[in-house]
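Number of protein chains: 2
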Amino acid sequence: MKRQAKLSYLLGLLEIGAKDRMVKASTSFVSTLFRVSQQSSSRILSELQDMGYLEKEIREGVIWLKLTDRALDELISLKDDLERALKNPGVFEFEGRVFSGYREGAYYVSKRAYRKQFYRKLGFDPYPGTLNVRLEDPDLIRLNQRLRNLKGIHILGFEDVERSYGGVMTFKAKINDEVSGALIVATRTVYGPDVLEFIAPVYLREKLDLNDGERVRIKVYLTEPSG
Amino acid sequence: MKRQAKLSYLLGLLEIGAKDRMVKASTSFVSTLFRVSQQSSSRILSELQDMGYLEKEIREGVIWLKLTDRALDELISLKDDLERALKNPGVFEFEGRVFSGYREGAYYVSKRAYRKQFYRKLGFDPYPGTLNVRLEDPDLIRLNQRLRNLKGIHILGFEDVERSYGGVMTFKAKINDEVSGALIVATRTVYGPDVLEFIAPVYLREKLDLNDGERVRIKVYLTEPSG
Numbered sequence: 015m016k017r018q019a020k021l022s023y024l025l026g027l028l029e030i031g032a033k034d035r036m037v038k039a040s041t042s043f044v045s046t047l048f049r050v051s052q053q054s055s056s057r058i059l060s061e062l063q064d065m066g067y068l069e070k071e072i073r074e075g076v077i078w079l080k081l082t083d084r085a086l087d088e089l090i091s092l093k094d095d096l097e098r099a100l101k102n103p104g105v106f107e108f109e110g111r112v113f114s115g116y117r118e119g120a121y122y123v124s125k126r127a128y129r130k131q132f133y134r135k136l137g138f139d140p141y142p143g144t145l146n147v148r149l150e151d152p153d154l155i156r157l158n159q160r161l162r163n164l165k166g167i168h169i170l171g172f173e174d175v176e177r178s179y180g181g182v183m184t185f186k187a188k189i190n191d192e193v194s195g196a197l198i199v200a201t202r203t204v205y206g207p208d209v210l211e212f213i214a215p216v217y218l219r220e221k222l223d224l225n226d227g228e229r230v231r232i233k234v235y236l237t238e239p240s241g
Numbered sequence: 015m016k017r018q019a020k021l022s023y024l025l026g027l028l029e030i031g032a033k034d035r036m037v038k039a040s041t042s043f044v045s046t047l048f049r050v051s052q053q054s055s056s057r058i059l060s061e062l063q064d065m066g067y068l069e070k071e072i073r074e075g076v077i078w079l080k081l082t083d084r085a086l087d088e089l090i091s092l093k094d095d096l097e098r099a100l101k102n103p104g105v106f107e108f109e110g111r112v113f114s115g116y117r118e119g120a121y122y123v124s125k126r127a128y129r130k131q132f133y134r135k136l137g138f139d140p141y142p143g144t145l146n147v148r149l150e151d152p153d154l155i156r157l158n159q160r161l162r163n164l165k166g167i168h169i170l171g172f173e174d175v176e177r178s179y180g181g182v183m184t185f186k187a188k189i190n191d192e193v194s195g196a197l198i199v200a201t202r203t204v205y206g207p208d209v210l211e212f213i214a215p216v217y218l219r220e221k222l223d224l225n226d227g228e229r230v231r232i233k234v235y236l237t238e239p240s241g
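Chains A and B, in that order, give the protein sequences.
Residue numbers for the first sequence follow this note's numbering, so the first one is 15 and each next one is one higher.
Residue numbers for the second sequence follow this note's numbering, so the first one is 15 and each next one is one higher.
Chain A extracted, bound-state conformation (with noise of 0.2 Å):
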């Protein structure tokens, strides 16, 4: 099943209150409500069980539908989703706080391969070392899924005499709605989804006045990079 008809499935048994109670069921109300036959409405009903994301019963002979926390939480992630993106499209907005990260960016961000491509596609030429911001809100670490899915502006791989550095994508970006600069998604990277590396041509820690444990804003530009 198609994630965007599961969704569709879910939405209307929540209409008819599946949501904090059984709702009765029978295969035809069913298969009115998906606008499916009754033998697809069958099947359909088993997958998102088998799936988690209905608990039913059955009582004398009836079919009683309830959907899970997990399909709420879809639901809720869905609407929040649309919200964002009717609000602010093309911009994905964080808000986390700064940590002291391994300190490798520096080692990366200032390898001349890199910082060629930096300065041709995103326009400025790196101060060497990132800013880690750990996002906190589940809602903000799943979107920072959401960005890793889409396309950034990509800074190739190289090669030098003593090993390979991996492909780099980045999204424009601006912290505090000050500084301009990029995040960094590396392709193997250590950091899992409530990590941001942002980078800017300037020292971030000094311009910003930035310490451990303080808060962040990031926007993320998300259409396609004309480079």
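Because the hints were derived from the structure by calculation, they are not lab data.
Just so you know, not all the hints are guaranteed correct.
For identical chains, the list gives no copy identity; a pair is met inside one copy or between any two copies.
DSS-like mimics (lysine-lysine), calculated; alpha carbons at most 30 Å apart, straight line [unchecked claim]:
| hint | residue 1 | residue 2 |
| --- | --- | --- |
| 1 | LYS70 | LYS221 |
| 2 | LYS188 | LYS33 |
| 3 | LYS70 | LYS93 |
| 4 | LYS186 | LYS80 |
| 5 | LYS93 | LYS125 |
| 6 | LYS16 | LYS188 |
| 7 | LYS135 | LYS221 |
| 8 | LYS125 | LYS33 |
| 9 | LYS33 | LYS93 |
Once you've looked at the hints, dock chain B against the given chain A.
Chain B in isolation, oriented as in the chain A frame:
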């Protein structure tokens, strides 16, 4: 293309900012966004354009895209549906103004074969007449269309010596949080989706002191009937 898949593609395009302006979108960018092959993404874009959801321009060999108002309307509707269903699962809430209809309701409602079924399936003997309510909010008119696609408590048609009478769909409902009754949707109704017909065990214009043009609120309960 299925409705659900379509909405997901439109959401993707909205997220990258194709709302208020043309955004650059290579086939590979779109295929990443839609999570389909490059071949499929071209076909999907053409279909969306044919359906009136997408403006497409080629500038110097590159595709630029923008969602149409129609596409945005559908995304906004989906968001509204989700919000409403999450806030008030199992209930559709309407608001509209009382108006005098063709007075045919009284004739039909008082037919004995209907009345017996109303009593058995809805639990009350309706006052011989319907209260007509006109919806003004386009969102509510759309919601009523959605309601008409659902399956309520079915009142069977019948024949008498003179003619045949069609089946009627009903939904338990409450008006102004005060009087319980039901909405009726005749199979062959003269009214469009901007009109609700409400029946109750009492004469509502008197009981609620209603005149033409006055506002009423109607809550419709959507779960499958026990009857």
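Hints and how they fare:
no., hint, result
1, LYS70 with LYS221, "neither (57 Å within a copy, 42 Å between copies)"
2, LYS188 with LYS33, "between (40 Å within a copy, 21 Å between copies)"
3, LYS70 with LYS93, "both (25 Å within a copy, 27 Å between copies)"
4, LYS186 with LYS80, "between (43 Å within a copy, 21 Å between copies)"
5, LYS93 with LYS125, "neither (42 Å within a copy, 45 Å between copies)"
6, LYS16 with LYS188, "neither (35 Å within a copy, 37 Å between copies)"
7, LYS135 with LYS221, "within (23 Å within a copy, 72 Å between copies)"
8, LYS125 with LYS33, "neither (54 Å within a copy, 38 Å between copies)"
9, LYS33 with LYS93, "both (16 Å within a copy, 18 Å between copies)"
Of the numbered hints listed earlier, those contradicted by the structure are 1, 5, 6 and 8.
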